[in-house]
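Enquirer: Sequence:
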Amino acid sequence: MSEQTIKRTWVRIKFLLLLAAIVAALIIATGFMLRLFANEIPRDPLRVENKTGVAFSHMALFTNNQLIIQHSASEDVRQAVFPKVLLQGAGEAVIIGITKEGQVWQSPKVAVNTRGSQQFEYAVQASNGVVDGLGDLPSLLTWAMDEEGKQARAAFMANTGLSYQVVVLGKGSQLSLSDFGTQGTKVLASWERGRGPLMSWLVLKP
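If you read the sequence shown in this note's numbering, its first letter stands for residue 1, the second for the next number, and so on.
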């Protein structure tokens with residue numbers, strides 16, 4: 001074997017070793033991102049995509065005689081995520097959109113797709129901000145979400161006759177639920193903070 005052939009062989013070997021190292025690094029990085037993503041959202045979430053063309057600051061589902069709202073700091077929510085554990089037994093739901101001005105928009109009843117995503121494509125503005133089957137919505141301005149130390153926390157209180165409960169997402173996709181409160185009682189839920197963004201939901205019942 002000539003010296004030139006040996007050099008070409010070593011170049012190929014080095015190239016293959018480098019390629020193998022890159023592939024291994026990508027596999028490790030992908031696994032890490034999958035684990036990270038798993039901690040960012042609830043297990044088996046139902047996603048609702050806003051296709052209405054209306055800018056909502058919050059999106060919600062009204063089902064099983066209760067309204068489930070996802071916390072948001074945006075004035076134009078494009079997608080909301082709902083833990084399926086809060087939707088147990090839900091066959092149908094009305095998708096609700098709430099604007100920053102407090103206007104309420106709602107869809108017709110739709111079958112709940114517990115296997116993936118739901119499209120919010122058609123909405124009608126509700127008169128006087130009233131949700132059918134629930135009534136007037138309380139102000140959401142007192143809905144707070146923060147972290148203290150390693151704890152993710154959510155709190156809510158409102159002068160309303162409705163019963164309300166906050167839910168917070170914690171480490172390992174675990175959910176922490178507060179007790180129900182009403183008429184100005186403050187409710188609080190907390191759990192060890194996960195790697196992903198803070199997530200919270202508000203449950204309202206008549």
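Hints may contain errors.
List of simulated lysine-lysine pairs, DSBU-like, C-alpha gap at most 30 Å [claimed, not checked]: (1) K84 with K100; (2) K171 with K205; (3) K150 with K109; (4) K186 with K51; (5) K109 with K171; (6) K84 with K109; (7) K51 with K109; (8) K84 with K205; (9) K51 with K205; (10) K150 with K171; (11) K51 with K150; (12) K150 with K186; (13) K186 with K171; (14) K205 with K100; (15) K51 with K100; (16) K186 with K205; (17) K84 with K186; (18) K100 with K186.
Restraint ranges, calculated between C-beta atoms of paired labels, are given here [stated by the list, open to error]: (19) A73 with K205: 38 to 44 Å; (20) E49 with T185: 22 to 28 Å; (21) K51 with S127: 21 to 27 Å.
No lab work stands behind these hints: they were computed from the structure.
Quick reminder that beta carbons are idealized off the backbone N, C-alpha and C, glycines included.
Enquirer: Please go over all the hints and tell whether each is borne out by the structure.
Expert: A quick look at each hint next to the structure:
1. Restraint check for K84 and K100: the C-alpha separation of about 26 Å stays at or below 30 Å, so the hint holds.
2. Taking the CA atoms of K171 and K205, the gap is near 27 Å; set against the 30 Å cutoff, the hint holds.
3. For a cut-off of 30 Å, the pair hint linking K150 to K109 is broken: about 40 Å separates their Cα positions.
4. Proposed proximity of K186 and K51 is contradicted: the alpha carbons are some 34 Å apart, above 30 Å.
5. For a cut-off of 30 Å, the pair hint linking K109 to K171 is broken: about 34 Å separates their Cα positions.
6. A C-alpha spacing of about 18 Å is found between K84 and K109, which places the hinted pair at or below 30 Å, so the restraint holds.
7. Restraint check for K51 and K109: satisfied, since their Cα atoms lie roughly 16 Å apart, inside the 30 Å limit.
8. A threshold of 30 Å between alpha carbons decides the hint, and for K84 with K205 the separation of about 18 Å falls inside it, so the pair holds.
9. The straight-line distance between the Cα atoms of K51 and K205 is roughly 27 Å, inside the 30 Å bound, and the hint therefore holds.
10. Between K150 and K171, the direct Cα distance comes to roughly 10 Å. Compliance with the 30 Å bound is thereby established for this hinted pair.
11. Taking the CA atoms of K51 and K150, the gap is near 36 Å; set against the 30 Å cutoff, the hint is violated.
12. Restraint check: the Cα-Cα separation between K150 and K186 comes to about 22 Å, which is no more than 30 Å; the hinted pair holds.
13. For a cut-off of 30 Å, the pair hint linking K186 to K171 stands: about 24 Å separates their Cα positions.
14. Taking the CA atoms of K205 and K100, the gap is near 22 Å; set against the 30 Å cutoff, the hint holds.
15. Among the hinted pairs, K51 with K100 is consistent with the structure: their alpha-carbon atoms are about 17 Å apart, no more than 30 Å.
16. At most 30 Å may separate the alpha-carbon atoms for a hinted pair to count; K186 and K205 meet this at roughly 16 Å.
17. Only pairs whose Cα atoms come within 30 Å are accepted, and K84 paired with K186 is accepted, the gap being roughly 25 Å.
18. For the hint pairing K100 with K186, the CA-to-CA distance comes to about 23 Å; that is within 30 Å, so the pair holds.
19. The supplied range of 38 to 44 Å is broken by A73 and K205, whose beta-carbon atoms lie about 25 Å from each other.
20. Our hint of 22 to 28 Å for E49 and T185 is violated, since their Cβ atoms are close to 34 Å apart.
21. Between K51 and S127 the beta carbons are some 23 Å apart, a value that agrees with the proposed interval 21 to 27 Å.
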